[in-house]
Amino acid sequence: LPLLSYILRRVLQMVPTFVFILVITFVLVRLLPGDPTSAILGDRAIDADVKRINNELGLDQPIPVQFVYFARAVISGNLGDSINLKVPVLALILQRLPVTLMLTAMAGIIALLLAVPLAFVAALNRGEAPDAAVRGVFQIALSMPVFYAGLVLLTVFAARLRWFPVGGYGSNFLDDLYHLILPATTLALSLAAVLMRNLRASIIGVVGADYVDFARAKGLPARVILFRHVLRNALISTVTLFGLSIGSLLGGAVVTETVFAIPGAGRLMIDSIYGRDYPVIQGLTIAIALLVSLAFLATDILHAWLDPRIVR
Amino acid sequence: MKVLSKAVLGVAMLAASSVSALAIERGGTLVYGRYADSLFLDPVLNDANVDIWILNNLYDTLIEPTDDGQGLRPGLATAWKLAADGMSVTLTLRDGIAFSDGSPITPADVQWSLKRAANPKNGIWNFIVSSIADVTTEGDKTVIIKLKQPDPTILIALTVFNTSIMPMKAFEASPGATDADKAKSFAEHPIGSGPFAMQSWTRGSSMKLVRSEHYWAKGEDGKPLPYLDGIDFELVPDDNTRILKLQSGGLDGAEFIPYSRVAELKADSNLNMILFPSTRLEYVSMNVRPTVDGKDNPLSNEKVRQAMNYAVDKDAMIRVVTHGVGTAPTSFMSATTPLHAGDKPIYPYDLAKAKQLMKDAGFPNGFETDLLILAGNQDESGIGTTLQQMWSQIGIKLDIEQADNPTRTQRYRTANFLMRMGAWTDDIADPNERASYFVYSPNIQALHSGWKSDAADKLFDDSQKEMDPAKRAAMYAQMQQIYNSTGPIVPLYETPYPVALNKKVHGFLQIPLGNNIFASTWIQK
Numbered sequence: 288l289p290l291l292s293y294i295l296r297r298v299l300q301m302v303p304t305f306v307f308i309l310v311i312t313f314v315l316v317r318l319l320p321g322d323p324t325s326a327i328l329g330d331r332a333i334d335a336d337v338k339r340i341n342n343e344l345g346l347d348q349p350i351p352v353q354f355v356y357f358a359r360a361v362i363s364g365n366l367g368d369s370i371n372l373k374v375p376v377l378a379l380i381l382q383r384l385p386v387t388l389m390l391t392a393m394a395g396i397i398a399l400l401l402a403v404p405l406a407f408v409a410a411l412n413r414g415e416a417p418d419a420a421v422r423g424v425f426q427i428a429l430s431m432p433v434f435y436a437g438l439v440l441l442t443v444f445a446a447r448l449r450w451f452p453v454g455g456y457g458s459n460f461l462d463d464l465y466h467l468i469l470p471a472t473t474l475a476l477s478l479a480a481v482l483m484r485n486l487r488a489s490i491i492g493v494v495g496a497d498y499v500d501f502a503r504a505k506g507l508p509a510r511v512i513l514f515r516h517v518l519r520n521a522l523i524s525t526v527t528l529f530g531l532s533i534g535s536l537l538g539g540a541v542v543t544e545t546v547f548a549i550p551g552a553g554r555l556m557i558d559s560i561y562g563r564d565y566p567v568i569q570g571l572t573i574a575i576a577l578l579v580s581l582a583f584l585a586t587d588i589l590h591a592w593l594d595p596r597i598v599r
Numbered sequence: 002m003k004v005l006s007k008a009v010l011g012v013a014m015l016a017a018s019s020v021s022a023l024a025i026e027r028g029g030t031l032v033y034g035r036y037a038d039s040l041f042l043d044p045v046l047n048d049a050n051v052d053i054w055i056l057n058n059l060y061d062t063l064i065e066p067t068d069d070g071q072g073l074r075p076g077l078a079t080a081w082k083l084a085a086d087g088m089s090v091t092l093t094l095r096d097g098i099a100f101s102d103g104s105p106i107t108p109a110d111v112q113w114s115l116k117r118a119a120n121p122k123n124g125i126w127n128f129i130v131s132s133i134a135d136v137t138t139e140g141d142k143t144v145i146i147k148l149k150q151p152d153p154t155i156l157i158a159l160t161v162f163n164t165s166i167m168p169m170k171a172f173e174a175s176p177g178a179t180d181a182d183k184a185k186s187f188a189e190h191p192i193g194s195g196p197f198a199m200q201s202w203t204r205g206s207s208m209k210l211v212r213s214e215h216y217w218a219k220g221e222d223g224k225p226l227p228y229l230d231g232i233d234f235e236l237v238p239d240d241n242t243r244i245l246k247l248q249s250g251g252l253d254g255a256e257f258i259p260y261s262r263v264a265e266l267k268a269d270s271n272l273n274m275i276l277f278p279s280t281r282l283e284y285v286s287m288n289v290r291p292t293v294d295g296k297d298n299p300l301s302n303e304k305v306r307q308a309m310n311y312a313v314d315k316d317a318m319i320r321v322v323t324h325g326v327g328t329a330p331t332s333f334m335s336a337t338t339p340l341h342a343g344d345k346p347i348y349p350y351d352l353a354k355a356k357q358l359m360k361d362a363g364f365p366n367g368f369e370t371d372l373l374i375l376a377g378n379q380d381e382s383g384i385g386t387t388l389q390q391m392w393s394q395i396g397i398k399l400d401i402e403q404a405d406n407p408t409r410t411q412r413y414r415t416a417n418f419l420m421r422m423g424a425w426t427d428d429i430a431d432p433n434e435r436a437s438y439f440v441y442s443p444n445i446q447a448l449h450s451g452w453k454s455d456a457a458d459k460l461f462d463d464s465q466k467e468m469d470p471a472k473r474a475a476m477y478a479q480m481q482q483i484y485n486s487t488g489p490i491v492p493l494y495e496t497p498y499p500v501a502l503n504k505k506v507h508g509f510l511q512i513p514l515g516n517n518i519f520a521s522t523w524i525q526k
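First to last, the protein sequences are chains A and B.
If you count by the numbering used here, then the first sequence holds residues 288 to 599, one letter each, in order.
If you count by the numbering used here, then the second sequence holds residues 2 to 526, one letter each, in order.
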């Protein structure tokens, strides 16, 4: 029961955050120098066209008035039409966001699959060759820019070995997954490095703790000590880190999507910002804010389950 | 230069169709890598090259530009006649023409399409056909365009994308209350009479076109075009990935090869690296108002502008920024723009002359000024640093300021800049579009520079009514002379369109206006 009320409290906390994000995004995009009309008409626009388009888009209205229209529409579930692409924003988001979610989810899974076992290998062989090797390799992964890592993987595994397609997206779900393996690995590399370092350090800390010595003294098998006592406690800070990294994973997705030619939301966001496509920027921000909030909520719940003291 | 450019054009076209001696093979789908997706495939309401440059594959015009982009040949109309008083054009439609859905093209479709294109409330291209007063039809093959005044460019205007013929009934039946709303739904699944028809379009990923069974033009084998079964446009925004995909066989062709990789791809035995002549000019444009932001502006001095032109070593710039791909400009009008005049590069590098001009202008020690470049654009930052170095030789301290496109455009429009980088390509095979923006002050104050020449303005006004081609050419020669010697720009270089194709692809053409022509493209099996 305390867990349930904890969750409820956290959900309620999300509401004001959400309203805040809505207002901030709306105002910020309008404070950016440059406007949608400049973006669509470009250098060749004559004043009469600019005036006409601003009027068509309602951008000649005062910002508070625009906000009332916007808020009213959002509440009724209408995110408007894209200024540049002339299609409903909701349809665009539903088409592009799942791609990015799948990419980041795969990246997250790959990062964990790489980080957790290797963190154990490194921590339990502290200061020895395996530790140095794991840390060395991850140091390289961490210091390589995402676009460069992506290009290296593309050149080696796609163009040379032909194990994977050279960018692009699939035609069905399995094909999509296949197309996402390389980009997700690219995205996972730096995250895996961060997670591995963090987890390695906490494992070293936990392994030396009194209760682990006690468990060992009790004669518990090493496997049980490792999973029930060491991993569970060592994971707490890594889970936090993982949750916080979701935002940056989404950020890294922008670059990955460009290098691998994947039609995801990251690229849509960048194109929309360069095109000052206000409705798309607003819609995507709302959707991503919602997802990140949910991810944080999930992290908190997982946290509470790992460490029941947090609920109180 | 004119002769030279035609020679270059000839070579490029030869390269594109070099194997016309080979027997043409029909069938197959061409996969073409694009750097950016289309936005809005309405011929009248679009505003970007990503749309314009492929529209001709979906839609068709009454008259077509020739392959060099300079002449006319029949399209949906087989004949046209300009009235003796220049006040009307009578066009005869081709027999048996139809849209890709099989419905016949009627004079009513033509009438409706042209009126929509000329409506001043529609889009930003209506100026191209602003001389149209009315369009009427006669019988089932004749369309008469009535003009407000004689217009020397009206026939050329009928080759431009915005005068594409659209199916009136299908458009009007599209959901939506207004023309703009109907256009949104229509343009998602456009129906035209071009060589291809839209099969599917996944935004941000791919666009699939299939051959239209109703296209009128015939191929070399006497059967209807196109040769291809279809085209898959794949969106690969990253230059390196696009090239990698082309080299590994995932693409049959790729556009916008960066200049830095042209030489490498030329050496690739599997590829055909083609530089299609374009109308593209890269230039610095200046604000020449006496004061900007309350401060005195030395750029208002004609001698200063000339000095800055002489101080730029174009050949070095071309080597550094375009890796030798560009050519030195001979006028503000590209060598491929009709009525271009000038046979040698303007402002050959002459530092002594530049220094003298600065002295004469009263700035022997130079001054500080500012150049606005596009944030993250490699070419522009290369140009910026090169100019910084070159102009420092005449004492000018150049500050480089970065901005993204909408910011820069807005500052440009409100004349809140000193200098900015610019690039231009023509959309119509006539110099009047470029001249109206660069020279003619009533349009956008000569690139928002504040520059104004009454003589040049008058030449432009007169040339818009002059029906005698020789006299019109003379007017343009004079206009170029005035602008090139006193104008508000520093022309830097002209560049072609770099396209790389797999060796088995033949007959692809990108005309100087940028249009990608796939109608006669074929793949060798």
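It should be emphasised that the hints constitute simulated quantities derived from the structure, not laboratory data.
These figures come from a predicted structure and were not determined experimentally.
Certain hints may be false.
Unchecked claim - Computed from the model, here is a short list of chain A residues facing chain B with C-beta under 10 Å:
| hint | residue |
| --- | --- |
| 1 | I311 |
| 2 | T312 |
| 3 | A332 |
| 4 | R383 |
| 5 | P385 |
| 6 | L388 |
| 7 | M389 |
| 8 | L441 |
| 9 | N459 |
| 10 | F460 |
| 11 | D462 |
| 12 | I533 |
| 13 | S535 |
| 14 | Y561 |
| 15 | R563 |
No residue lacks a Cβ here, since even glycine has one placed at the ideal position from N, Cα and C.
**OP:** Please flag the earlier hints that this structure goes against, numbers listed from lowest up.
**Re:** 1, 2, 5, 6, 7, 9, 10, 11, 12 and 13
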